[in-house]
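Chains as they are written, first to last, in the numbering used here: chain Y, 32 to 144; chain Z, 63 to 172.
Hints listed in this document are in silico derivations from the structure and should not be mistaken for laboratory results. The reader is advised that the hints may include incorrect statements.
[Said to hold, decoys possible] DSSO-like, lysine-lysine: derived pairs with alpha carbons at most 27 angstroms apart: (1) Lys53/Y - Lys130/Z; (2) Lys63/Z - Lys40/Y; (3) Lys98/Y - Lys130/Z; (4) Lys104/Z - Lys98/Y; (5) Lys83/Y - Lys164/Z; (6) Lys72/Y - Lys164/Z; (7) Lys102/Y - Lys130/Z; (8) Lys130/Z - Lys72/Y; (9) Lys164/Z - Lys71/Y.
No experiment lies behind these values; they were computed from the predicted model shown.
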Amino acid sequence: DTAVSQTPKYLVTQMGNDKSIKCEQNLGHDTMYWYKQDSKKFLKIMFSYNNKELIINETVPNRFSPKSPDKAHLNLHINSLELGDSAVYFCASSRTEGSYGYTFGSGTRLTVV
Amino acid sequence: KQEVTQIPAALSVPEGENLVLNCSFTDSAIYNLQWFRQDPGKGLTSLLLIQSSQREQTSGRLNASLDKSSGRSTLYIAASQPGDSATYLCAVKGADGLTFGKGTHLIIQP
């Protein structure tokens, strides 16, 4: 059983398209996240979401939007894709309680051509 | 705003050596610190989680220490093996979530 699963693993698409990446966790965690890993391998938070609050990193373009149908899912929608959006996107989950660590998915490599 | 720094950025050592990876953070108000491993083209694997009240955690050949007051953590790898080659990431969890360092790229030479 994969704790945090993302689909697809690879996504190649043209500029201007709209795409979604799905994420599901079966750990019973109450908070989910999206991180972006750039070409220099640095991981930066994009969003965190629990059933009460969505926190958006101010540097994230509004073409990116998270959608959470329920506590176990946090999907990432990207509109009007640009070349600079090419990166690896990681989903993660945790509990709001401070003592919990994070569990990450295996990542989605997005390539915009 | 929390900043996490990892030193060195890259390290290459012969197999069998013991080694230490360093992590420092600017804001000591953390809940915990996590060390992850990332293999090329793969996801993040959690290695060790140290709570803010703890001084160290051990798992097999790995030992992580935490000095919260000075904003430092170390990951000690004993008797290194070629399979330990990967990027090691330090991340601290604070009120604003998990903040990562840029990682240490480790190569263990056979």
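Each hint, compared with the structure:
Annotation: proposed proximity of Lys53/Y to Lys130/Z is violated, straight-line Cα distance about 36 angstroms (limit 27 angstroms). With a C-alpha separation of about 32 angstroms, the suggested pairing of Lys63/Z with Lys40/Y is violated against the 27 angstroms cut-off. Our distance criterion of 27 angstroms between C-alpha atoms is broken by Lys98/Y and Lys130/Z, whose separation comes to about 36 angstroms. With a CA separation close to 25 angstroms, the supplied pair Lys104/Z and Lys98/Y stays within the 27 angstroms bound.
Between Lys83/Y and Lys164/Z the alpha-carbon distance is near 31 angstroms, which puts this suggested pair outside the 27 angstroms criterion. About 7 angstroms separates the Cα atoms of Lys72/Y and Lys164/Z, which keeps this hinted pair within 27 angstroms; it holds. Note on Lys102/Y and Lys130/Z: the hinted pairing is violated, with a Cα-Cα distance of about 32 angstroms set against a maximum of 27 angstroms. Note on Lys130/Z and Lys72/Y: the hinted pairing holds, with a Cα-Cα distance of about 26 angstroms set against a maximum of 27 angstroms.
Among the hinted pairs, Lys164/Z with Lys71/Y is consistent with the structure: their alpha-carbon atoms are about 8 angstroms apart, no more than 27 angstroms.
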